[in-house]
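Take a look at the letters that make up each chain.
Protein chains: 2
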Amino acid sequence: MLSIGKLGQAAGVKVPTIRYYEQIGLLHPAGRSEGNQRLYARDALARLLFIRHARDLGFPLDAIRDLLALQDDPHQPCAAADAIAQAQLQAVNRRITQLTALRCELEKMVAQCAHGSVGECRVIEVLGNHDLCVHPDHDDGDDAVTDHDHALAPRS
Amino acid sequence: MLSIGKLGQAAGVKVPTIRYYEQIGLLHPAGRSEGNQRLYARDALARLLFIRHARDLGFPLDAIRDLLALQDDPHQPCAAADAIAQAQLQAVNRRITQLTALRCELEKMVAQCAHGSVGECRVIEVLGNHDLCVHPDHDDGDDAVTDHDHALAPRS
DNA sequence: TCTAATGTCTCTAGTAGCTATAGGTTCAAG
DNA sequence: CTTGAACCTATAGCTACTAGAGACATTAGA
Numbered sequence: 001m002l003s004i005g006k007l008g009q010a011a012g013v014k015v016p017t018i019r020y021y022e023q024i025g026l027l028h029p030a031g032r033s034e035g036n037q038r039l040y041a042r043d044a045l046a047r048l049l050f051i052r053h054a055r056d057l058g059f060p061l062d063a064i065r066d067l068l069a070l071q072d073d074p075h076q077p078c079a080a081a082d083a084i085a086q087a088q089l090q091a092v093n094r095r096i097t098q099l100t101a102l103r104c105e106l107e108k109m110v111a112q113c114a115h116g117s118v119g120e121c122r123v124i125e126v127l128g129n130h131d132l133c134v135h136p137d138h139d140d141g142d143d144a145v146t147d148h149d150h151a152l153a154p155r156s
Numbered sequence: 001m002l003s004i005g006k007l008g009q010a011a012g013v014k015v016p017t018i019r020y021y022e023q024i025g026l027l028h029p030a031g032r033s034e035g036n037q038r039l040y041a042r043d044a045l046a047r048l049l050f051i052r053h054a055r056d057l058g059f060p061l062d063a064i065r066d067l068l069a070l071q072d073d074p075h076q077p078c079a080a081a082d083a084i085a086q087a088q089l090q091a092v093n094r095r096i097t098q099l100t101a102l103r104c105e106l107e108k109m110v111a112q113c114a115h116g117s118v119g120e121c122r123v124i125e126v127l128g129n130h131d132l133c134v135h136p137d138h139d140d141g142d143d144a145v146t147d148h149d150h151a152l153a154p155r156s
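Read top to bottom, the protein sequences are chains A and B. The opening residue of the first sequence carries number 1 in the working numbering; numbering runs sequentially from there. The opening residue of the second sequence carries number 1 in the working numbering; numbering runs sequentially from there.
Hints in this document: simulated from the structure, not taken from any laboratory. Keep in mind that the hints are not guaranteed to be accurate.
As a list, the in silico DMTMM-like pairs of lysine to aspartate or glutamate whose alpha-carbon atoms are at most 20 Å apart [what the hints assert, rightly or not]:
no., chain 1, residue 1, chain 2, residue 2
1, B, 108, A, 82
2, A, 108, A, 120
3, B, 108, A, 56
4, A, 6, A, 34
5, B, 6, B, 34
6, A, 6, A, 22
7, A, 108, B, 82
8, B, 108, B, 125
9, B, 14, B, 43
To give an idea of the interface, some chain B residues facing chain A are shown, with a C-beta separation under 8 Å as derived from the structure [claimed, not checked]:
no., residue
10, 53
11, 75
12, 103
13, 109
14, 117
15, 119
16, 130
Quick list of the computed label-pair ranges, beta carbon to beta carbon [unchecked claim]:
no., chain 1, residue 1, chain 2, residue 2, range
17, A, 5, B, 16, 38 to 46 Å
18, B, 15, A, 116, 33 to 41 Å
19, B, 6, A, 46, 51 to 59 Å
20, B, 19, A, 73, 44 to 52 Å
21, B, 104, A, 77, 25 to 33 Å
22, B, 1, A, 97, 34 to 42 Å
23, A, 111, B, 104, 50 to 58 Å
C-beta atoms are modelled at their ideal positions from N, C-alpha and C, and glycine is treated no differently.
Kindly generate the complete structure, drawing on both the sequences and the hints.
Structure, rendered in structure tokens:
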């Protein structure tokens, strides 16, 4: 039996995150010690490692929830799991495509900066005038699938 | 003078987003009509387009705040703007590197799926057993710079 | 055995960048 | 003059956690 701290160490997951996973139903509620502290068996570690690995691969928690349900019932056909993984792969591919375009524009911007004053700065200028940048045709289509990225994401 | 709706249309930004930008101080508070509705002049449109373009390039709002301050004072040296753009470029590059690694792993996973039952599914198996995947050495170093991505992000 | 340090408990609020909703007011067209 | 759209404020929600407060449990050392 592991304490929550040991479990977290073993899986490389922070303690509050484990409690969070329990709260949203990804982990089964743990048994408790006499003093009301959580105690975990080996299968909880396996489940947590599964979640952690899936998170490392970028799967959203909802997808992980589905994958765990599949894992719990090994007689179901594999197609659902395959579909989830493929969707994730496509999301990653879309994201890479987007980011590559961004990189291209950013590189141009930075390269043209003459390091003078802001008044003649190419960076500021390009940002202010959309026409100055070589932007591929900008479709506002809504093919959003798994795009809750923020910091590096153009709005869908 | 533009209403908030017209401004949004002109800039390709939703109305609540404009109010949000005002709230967090990215846009100056707009003048009001007799009936207390916001009215915008041309310079507000320019500012909003600037923000929108920077967002499209993935700049976080804090960085945009700094860029706007620089734009407001054209006599400052350009170095600060250049630094912000370069930081963004590096963040994008890091992200692409990460995602490319993820893509590789996901592709392998999907390719190995034999479309049988979950019990023998390679996808589920690989997720459950970290050793089965060809993961490059996993350093827990903290080089987080702009990583508030969620859906597709491995935790830093 | 006592004590101090660490670990754990619950609960709440905060992060980014919006989006959605509710309940009310104003504006412009017919 | 009426209707419907656009607008107002304020609040809550989204992802996936993280941080903090204040109280209780456990454990290692003296």
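*Compare the structure with the hints numbered earlier in the document and write down the numbers of the violated ones, lowest to highest.*
23
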